[in-house]
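K.L.:
Starting from the structure of chain A, add chain B where the hints point.
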Amino acid sequence: MGKKAVMAGTGVVMLLFLVVHMLGNLKIFFGPENFNAYAAWLRTIGEPVLHESWYLWIQRTGLLACVVLHGVAAYQLSRRDLAARPAKYVHKQSRASYATRTMRWGGVIVGLFIVWHILDLTTLTVNPRGQAGHPYENVVADFRVWWVDVVYIVAILALGLHIRHGFWSAAQTLGAVNKRRDRALKTTATVLAAVLTAGFLVVPVAVMSGLVD
Amino acid sequence: MNLTLRIWRQHSPEDKGAMVTYRVEDISPDMSFLEMLDVLNEELILSGEEPVAFDHDCREGICGACGVVINGQAHGPERTTACQLHMRSFKDGDTIDVEPWRAAAFPVVRDLVVDRSAFDRVIQAGGYVSVPTGSAPEAHATAVPKESADYAFEHAECIGCGACVAACPNGSAMLFTSAKINHLNVLPQGAPERETRVLNMVAAMDGQGFGGCTNTGECATACPKGIPLPSIAAMNREYLRALRKR
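Chains A and B, in that order, are what the protein sequence lines are.
FYI, in the numbering used here the residues of the first sequence are 7 to 219.
FYI, in the numbering used here the residues of the second sequence are 181 to 426.
Bound conformation, chain A alone (with noise of 0.2 Å):
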């Protein structure tokens, strides 16, 4: 049970890094100075306490470490629960939602995406343009190649889906739900995996219908 303590709190903290990303990514509807801008001030956090880009390393590493005791912990839980139950039914019904059944897959295809879009717009290692400290011009660059939306799209709305179960899961698992709360907190996950997917699918949307170059 403590591996799913892990699991919950890992997972709520990449969540609050994610609405925070999001809001972050919507400035590029302001153009490219703004944004631009907007991602060289967070190299600046935390100055003159911490020097340049300290803070971004700070919040790198512990985000990493929230990846790897979250991927660490589903590996092992999973491996218990599927040893648990060794003999399938003959006769099959799946009643859970599809958000729920793809947990484990969309964790790694999510986990995938992270490693592709870190070498694409962190690295610069694969993006076509990949010009240091012009993220505007990297991110248009990206989304106009068709295989880098589909990978996007598809990457988002596996993280949707495993926000909408994952949410909710982690209230069950930290304790925060009883019967009261249990609807608030249903809808919560569903409004909060609608939003973000929609706040980072609006953007490749906007390059590739040119609202955005």
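Simulated from the structure, these hints should not be mistaken for lab results.
The reader is advised that the hints may include incorrect statements.
Here are the simulated lysine-lysine pairs, BS3-like style, with alpha carbons at most 27 Å apart [as the list claims (entries may be wrong)]:
#1 A:K98 - B:K271
#2 A:K185 - B:K425
#3 A:K185 - B:K326
#4 B:K196 - A:K94
P.N.:
What follows is chain B alone, placed relative to chain A:
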């Protein structure tokens, strides 16, 4: 009603087992599911075959002894126990699949009978209150708020049939364990052992080879006594509280 039954037959725990097809005829829609199996077994005995082994006791839906998976659902299509499920829930000519509970912690003993003593070991780890027994205590000696009494009773309804484990894709016993913990932890009589109860029972549950909860909600849907899914959250709350207090 005339029905085709496909029933799991397995001679011994070591036997591989397989689904075997039987026909039953002239079944009354007012029979319970177990009575229908009785009819089948009488025919099997008359024709010199081994009857289908299945657990049952009170046949009133209160003991928790019976329980089979019917068409992929623990206790079948109605929210009740297999003994209180009536054949009117099926249609004439139906093919019905009958399988034992499936979980690593519930090994098949024979046919539809599984060994559920893993539940007993979870109970032994803390599903009790340590009080001196003897003459009945004065009813007003320990005041229990109405809300707590209702909450305790809601969870005390669990009959330990194992449908939650059977329905769970992870073979998890968290709904069962949460019912037992919440039942006692909310009452003043259970308060002295509140922390050790949850820690020991959860440890026993994990030790018996049950899986963990992935919040699919199958358990609460299958539970014939309506133990709700938030009960697992309440157990998690108790568990985290006990960890902090230790």
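K.L.:
Give me the numbers of the hints this structure contradicts, sorted from smallest to largest.
P.N.:
The structure conflicts with no hint, since it agrees with every one listed earlier.
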